[in-house]
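Q: This is what each chain is made of:
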Amino acid sequence: MKTAEIMQIVCSIVAIVISIISLIYTHILSKKQIKLKMKENYYQPVFQEMLLHELPCVFTRFIDIKRKAVYKNASSDFEKTIGEFRKKIRFLQFSDLDMYNTIDDLLVKIDEDIVLLCSDRDNEEDKMNSIYELMKKLYNEIDKYYK
Amino acid sequence: MNKISLSFDKTITGLAGNPYGVEEYEKQVKNLFDWKGKNEIIFPTHITKVGISFIQGFFNEILSKIDKNEIDNYVTIKSSSKELTSKIMENLKF
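Each protein sequence line maps, in turn, to chains C and V.
Take any residue in the first sequence, count from 1 to its spot, add 1: that is its number in this note's numbering.
Take any residue in the second sequence, count from 1 to its spot, add 1: that is its number in this note's numbering.
Wrong hints could be hidden among the right ones.
[Claimed, not checked] Simulated crosslink set (DSSO-like; lysine-lysine; CA at most 27 Å straight-line):
#1 V/Lys-79 / C/Lys-33
#2 C/Lys-81 / V/Lys-37
#3 C/Lys-40 / C/Lys-128
#4 C/Lys-73 / V/Lys-69
#5 C/Lys-88 / V/Lys-83
#6 C/Lys-67 / C/Lys-88
#7 V/Lys-79 / C/Lys-88
#8 C/Lys-89 / V/Lys-69
#9 V/Lys-11 / C/Lys-88
#10 C/Lys-110 / V/Lys-11
[What the hints assert, rightly or not] Output of the computed footprint for chain C on chain V, the stretches with three or more beta carbons under 8 Å from beta carbons of chain C:
#11 7-18
#12 22-33
#13 50-56
Hints in this document: simulated from the structure, not taken from any laboratory.
Positions of the beta carbon are idealized from the N, C-alpha and C atoms, including for glycine.
Bound conformation, chain C alone (with noise of 0.2 Å):
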């Protein structure tokens, strides 16, 4: 066998090594994009109002990062969000056990700074503190979530 044949043997096994490699890449990009597509079409106008709106309406009334000030007539509400929230969420159990129980966890965790920030006067800018890092901590879970 000549050499140039052997060279045009082996090119179309690379080829083909190539186009098959391909198509299994282009068969998990497309599958994550279906996941993804799902998750933005069923799962996101749960979240969207929810983030966008809602939550830092609550927190924004309830605390005033900037100024270091918190409004303790507003906590009811920032509660009584967090515990909608919780409710919205219960779809999750079906589609992601673990992504349900970190977020779960978070909002129970603000819930219980919430009432221990109320309760307390000590240490107000360390609990203020507290609650932002958790918040920020809830909504980095969630961007998780559509990745």
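Assemble chain V onto chain C, guided by the hints.
A: Below, chain V alone, put in the same frame as chain C:
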């Protein structure tokens, strides 16, 4: 109806934390709870806030023995406000 009046330090206005809930249940409720009848658990009026974590710890044993969908037949809550009572009941059935 079996009435269980809880007591906490007068300076405390809020209850939070799962382990604290378990501890207070063991101390104040466990031996007084009527497992066959209705119990009214009375939170003192100076308690204005109760965290979900406390509720989970406090009612953990009760919910392991009683079906949460039938909890109304065994437990009623009296607290400083309608709002607080409803938060406790809602989390009991969650």
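Q: Determine for every hint whether it applies to the structure shown.
A: How the hints compare with the structure:
1. Of the supplied pair hints, the one linking V/Lys-79 and C/Lys-33 is violated, its CA atoms being roughly 50 Å apart against a limit of 27 Å.
2. Under the criterion of a C-alpha separation no larger than 27 Å, the hint pairing C/Lys-81 with V/Lys-37 is inconsistent with the structure, at around 32 Å.
3. Restraint check: the Cα-Cα separation between C/Lys-40 and C/Lys-128 comes to about 34 Å, which exceeds 27 Å; the hinted pair is violated.
4. Proximity of C/Lys-73 to V/Lys-69 is assessed by CA-CA distance (about 32 Å); at most 27 Å being required, the pair is judged violated.
5. For a cut-off of 27 Å, the pair hint linking C/Lys-88 to V/Lys-83 stands: about 20 Å separates their Cα positions.
6. Taking the CA atoms of C/Lys-67 and C/Lys-88, the gap is about 31 Å. The hint is violated against a cut of 27 Å.
7. Restraint check for V/Lys-79 and C/Lys-88: the C-alpha separation of about 24 Å stays at or below 27 Å, so the hint holds.
8. As the CA atoms of C/Lys-89 and V/Lys-69 are separated by approximately 19 Å, the hinted pair is consistent with the 27 Å bound.
9. Distance restraint check for V/Lys-11 and C/Lys-88: the Cα-Cα separation of roughly 33 Å exceeds the 27 Å cut-off, and the hinted pair is therefore not satisfied.
10. A hinted pair counts as satisfied when its Cα atoms are at most 27 Å apart, and C/Lys-110 with V/Lys-11 qualifies at roughly 25 Å.
11. With 6 residues bearing a CB less than 8 Å from a CB of chain C, the stretch 7-18 of chain V meets the requirement of three and the coverage assertion stands.
12. Counting residues of the stretch 22-33 of chain V whose CB lies closer than 8 Å to any CB of chain C gives 0, which falls below the minimum of 3, so the coverage claim is violated.
13. Coverage of the stretch 50-56 of chain V by chain C holds in this model, with 6 residues showing a Cβ closer than 8 Å to a Cβ of that chain against a need of three.
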